[in-house]
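> With the hints as constraints, model all of the structure from the sequences given.
Protein chains in written order, with the working numbering: chain A, 815 to 1207; chain B, 815 to 1207.
Treat the hints as calculated values from the structure; they're not laboratory data. Since this is a predicted model, take the numbers as computed values, not measurements. Don't take each hint at face value.
Identical copies go unnamed one by one, so any copy, or any two together, can satisfy a pair.
Stated by the list, open to error - As a list, the in silico DSS-like pairs of lysine-lysine whose alpha-carbon atoms are at most 27 Å apart:
| no. | residue 1 | residue 2 |
| --- | --- | --- |
| 1 | Lys894 | Lys1119 |
| 2 | Lys1120 | Lys1061 |
| 3 | Lys861 | Lys894 |
| 4 | Lys894 | Lys1061 |
| 5 | Lys959 | Lys1061 |
| 6 | Lys1119 | Lys1061 |
| 7 | Lys1119 | Lys861 |
| 8 | Lys959 | Lys943 |
| 9 | Lys943 | Lys1120 |
| 10 | Lys894 | Lys959 |
| 11 | Lys959 | Lys1120 |
2 protein chains.
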Amino acid sequence: MSRYPNFGFEVRHRAPDSRARLGRLTTPHGTIETPNFIFCGTKAAIKGATTEQMRAAGTDIILANTFHLMIQPGAERVAKLGGLHRMMNWSGPMLTDSGGFQIFSMGHGGVADEIKGRNRAERPKSLVKISEEGAEFRSYLNGEKLFLSPEESIRLQRLLGADLIVQLDECTPYHVGADYIADSMAMSMRWGDRCLEEFDRGADGSQALYGVVQGGTDPTLRRESAEYTADRDFFATAVGGTLGGNKAQMYEVVGMCSPYLHPDRPVHLLGIGNFQDVFEGVALGMDTFDCVHPTRVARHGWALKKGAPGERVNLRNARFGEDSGPIDETCGCEACQHYSAGYLHHLVRVGELLGVMLVTLHNVFTMNRLMREVRAAIAADRLADARTEWIVD
Amino acid sequence: MSRYPNFGFEVRHRAPDSRARLGRLTTPHGTIETPNFIFCGTKAAIKGATTEQMRAAGTDIILANTFHLMIQPGAERVAKLGGLHRMMNWSGPMLTDSGGFQIFSMGHGGVADEIKGRNRAERPKSLVKISEEGAEFRSYLNGEKLFLSPEESIRLQRLLGADLIVQLDECTPYHVGADYIADSMAMSMRWGDRCLEEFDRGADGSQALYGVVQGGTDPTLRRESAEYTADRDFFATAVGGTLGGNKAQMYEVVGMCSPYLHPDRPVHLLGIGNFQDVFEGVALGMDTFDCVHPTRVARHGWALKKGAPGERVNLRNARFGEDSGPIDETCGCEACQHYSAGYLHHLVRVGELLGVMLVTLHNVFTMNRLMREVRAAIAADRLADARTEWIVD
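In structure tokens:
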């Protein structure tokens, strides 16, 4: 019998000229069309939007971070409050990560910067002790010593109750040696097996497990890691770890994995997701994406915009001061339907919460619109055309 | 012909045992039932809620502050963006104040504290020069020298475009001598006349003017000021200025005004509005209230609650940590319908914007519910019963 009786993934159409594909991912909380974008509700909250607003802005799926929630309010407490779905008032599909990414980034300086290869400064003394058993680290809240093993990660994610959960892996940084990456990848594989065993011990059909591809920027290791995930009975695959030092290398690394991933399983690209990343990732066979980018830049007054240079506009810019039109005339979001760019400029300038809220809704809507248009483009075999509409190179 | 052809106020029922009354206040943007509460959108934004959410939470009327808007983004710019209603996407009635309150409070230390008599420390050197002509002050944004006269206040409020606007008055602090208060009150009367003249110069039927009662805590001055407002052709009356050093004195001061206010005009009590204030004010003949209290305390994790000691609960309190029930079982707001107190506790503790947003919606809904229940109680001649339901003395 399948480990994942209540889950499914169906590929409905494939692009003729790339690995892009249309899919349908089914979970106990509903089915989503892919490619799709998973919005980050790190601490069990989307920053600046209610789940009702997320839904109204076209959102199909959200995630929360195990690392943050194990510290506050604790996975047991989330379970007592009914699990993530009930607690957050979200009835659709949901994912949690393993907690590893944030822990290992504590040991390697900045989180995203390091993974994306941008931080070349010397790293501070590690706050994390990694062993075969798992990772020991201290709570950022109160210094308490905590331990995350593959089994503990699965146990915590079971308490949190998301549909889609992720194996614990060591997320290796960009600036470590080849030996470290190879050894780490091998350990992540063993951790993957331990996660599958722990998963089976508590499985009730409500969750499905992702295996994670590591291997740094080395094609041989990436292939080996991808083949490992395909060989084991994971429901789906996530591509993680160091994705290179720049965009080109990132896409190259994803491309190293693609041919060796299990062809019938959904593939998630971890922590990546501006417009360009989505187009490149989709063409490389990625089905879902997640990134804090859309909500984070909203808090700084940046509105994502189809066809804009750099993919966005800065609402603080004086040119918007007396602009009585919307941010984007072609956008159907609440902010563009009801509010002028001039008003949003004012709100952002004076630091009103409402500015964050409205720009967040716009950015969420825009990402969902991007994914809708990407899906329509794949269906019509015109993904390249959609790319030129969205991205000014 | 009436100065206010598109406005009206109709008293529909009077309490048998107090000055409480049910009314209907008509503006070009609709009619509201009174008593009612006016929510503060200081800088042309309700802190933490969209106007759609305000409407869904039962809100009938909002205000914005001329002082803040003349500094950012400027009244001319608001006019270019279509005026406050269009800019804020608010189709209902709206009020702006004169700008005086904030300016004069710059000259007297803290704003609300001083007006409410709570600040007995020595005051810093005044930042405001007050003369018969008006008030000269410096922008908190860039130090620019600004001048607000009665004529300028009306001109700015005309540009902002609210339905209900307020004459410029000097808002005297609690700790000044009797002579100062008397002289100031007389000047505020002359400013009231100048506001009426300026109002007429630009009147197009879209706005209506409030006269303001001053006079500190002196019964003779309060009577004189109230009689002045009744004598002039203001559409409505606002009770402002120093309302005493404690709650009892505040109600006493309001009571000094009540008998001498024009009986057929709506009366607004400026800047006051917790549950108790509303019950006391209504009994003294006040028809509308405004206060930043409901949205401000939400930002600090306080949820207003019918029948709670102190009128509110502190969601940071550990007792809410695993509370899977709503803040208030009897409340129909979005937060209470869909989210547990335990989740809100988590959001407030970790500082999520969503916590502010949801508690704000709850507090707004609760104030609107208070006003609905106050109106129903007046209609049924049982205001005292409603008071005991809402307030634990």
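> Hint by hint, say whether it matches the structure.
Hints versus structure:
| no. | hint | in the structure |
| --- | --- | --- |
| 1 | Lys894 <-> Lys1119 | between (41 Å within a copy, 24 Å between copies) |
| 2 | Lys1120 <-> Lys1061 | within (20 Å within a copy, 55 Å between copies) |
| 3 | Lys861 <-> Lys894 | within (23 Å within a copy, 32 Å between copies) |
| 4 | Lys894 <-> Lys1061 | neither (42 Å within a copy, 42 Å between copies) |
| 5 | Lys959 <-> Lys1061 | neither (36 Å within a copy, 50 Å between copies) |
| 6 | Lys1119 <-> Lys1061 | within (20 Å within a copy, 52 Å between copies) |
| 7 | Lys1119 <-> Lys861 | both (20 Å within a copy, 26 Å between copies) |
| 8 | Lys959 <-> Lys943 | within (11 Å within a copy, 59 Å between copies) |
| 9 | Lys943 <-> Lys1120 | neither (44 Å within a copy, 51 Å between copies) |
| 10 | Lys894 <-> Lys959 | within (23 Å within a copy, 58 Å between copies) |
| 11 | Lys959 <-> Lys1120 | neither (45 Å within a copy, 42 Å between copies) |
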